[in-house]
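Novice: Using the sequences plus the hints, can you model the full thing?
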Amino acid sequence: MRVELFFMAAIIVLSFTAEKCRLLVGEEHSSKSRTERFTFSNCFDMSYGTLICVFKECVKLYLYYIRAVHVQKARVEATDMAKTKELSQGRSYEEATKMANEEGNAAAKRASRQAKHVMGPIISSLGDFFETLYVGGSLSEGILRGSGTFIGVYAGGMIGEGKLGWLGFLVGCHLGSWAGGRIGLMCYDVSKGVHYLLNLGSSKGINSYSISKEL
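Each residue of the sequence shown is one higher than the last, beginning at 6 in my numbering.
It should be emphasised that the hints constitute simulated quantities derived from the structure, not laboratory data.
Computed from a predicted model, the values in this text were never measured in an experiment.
There's no promise every hint is true.
[What the hints assert, rightly or not] EDC-like, lysine to aspartate or glutamate: derived pairs with alpha carbons at most 16 Å apart:
#1 K78 to E32
#2 K88 to E108
#3 K103 to E91
#4 K90 to E108
#5 K65 to D50
#6 K114 to E166
#7 K88 to E107
#8 K114 to E82
#9 K88 to E99
#10 K121 to E166
#11 K25 to E9
#12 K88 to E100
#13 K90 to E100
#14 K90 to E107
#15 K37 to E24
[Stated by the list, open to error] Beta-carbon label-pair distances, calculated as ranges:
#16 L10 to S143: 30 to 36 Å
#17 L66 to E33: 33 to 39 Å
#18 D85 to H34: 57 to 63 Å
#19 V64 to K103: 36 to 42 Å
#20 M86 to H179: 21 to 27 Å
#21 A111 to A160: 23 to 29 Å
All residues carry an ideal CB built from backbone N, CA and C; glycine is no exception.
Specialist: Structure, rendered in structure tokens:
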């Protein structure tokens, strides 16, 4: 309970600080993807939007291929190990094969679930990263937002699955994606505000030094 309260208080403080930093640096220099959005229609602009959508789909296909290979490898290894074990215990070949196939299917399900826990955050974070660049955000803004989304989706999915199973996993991923991306943007705005204050302090120091030399 204490951890949840501390986390909520930290988010509130971060949100308040980020809002003040946005007012300090101005909307022109604050996070762009906080208000702008990449929509499906942007995929047909025959420009950067189309390239982003094509690249995202290629990444998805590649990740799905990796998941398929990983699941099949886990199935084959578990089946072979189970068959060898059952045969060594004196079971018939048909019975050992049947039990080994069951063990292989169970291993494939576990491997698929593990792959989803990694693929979901990667796809979501890449989507937010490219969306940020498309709407005019900087590279650092995209990285921070994408990193926040990755952590949010992964943590939300794990927590949700532990509480409500597959439904909790879906809800946790969705909420984690939204919250993680927003936290990443807050961190970006705070960093811009801190950078602004540091530059302001250094420029004042240089000006005062120049004035003292003239005197």
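Novice: Determine for every hint whether it applies to the structure shown.
Specialist: Cross-check of the supplied hints:
no. : hint                     : result
1   : K78 to E32               : violated (51 Å)
2   : K88 to E108              : holds (9 Å)
3   : K103 to E91              : holds (10 Å)
4   : K90 to E108              : holds (11 Å)
5   : K65 to D50               : violated (21 Å)
6   : K114 to E166             : holds (15 Å)
7   : K88 to E107              : holds (10 Å)
8   : K114 to E82              : holds (13 Å)
9   : K88 to E99               : holds (10 Å)
10  : K121 to E166             : holds (12 Å)
11  : K25 to E9                : violated (25 Å)
12  : K88 to E100              : holds (9 Å)
13  : K90 to E100              : holds (12 Å)
14  : K90 to E107              : holds (14 Å)
15  : K37 to E24               : holds (14 Å)
16  : L10 to S143: 30 to 36 Å  : holds (34 Å)
17  : L66 to E33: 33 to 39 Å   : holds (38 Å)
18  : D85 to H34: 57 to 63 Å   : holds (59 Å)
19  : V64 to K103: 36 to 42 Å  : holds (39 Å)
20  : M86 to H179: 21 to 27 Å  : violated (37 Å)
21  : A111 to A160: 23 to 29 Å : holds (26 Å)
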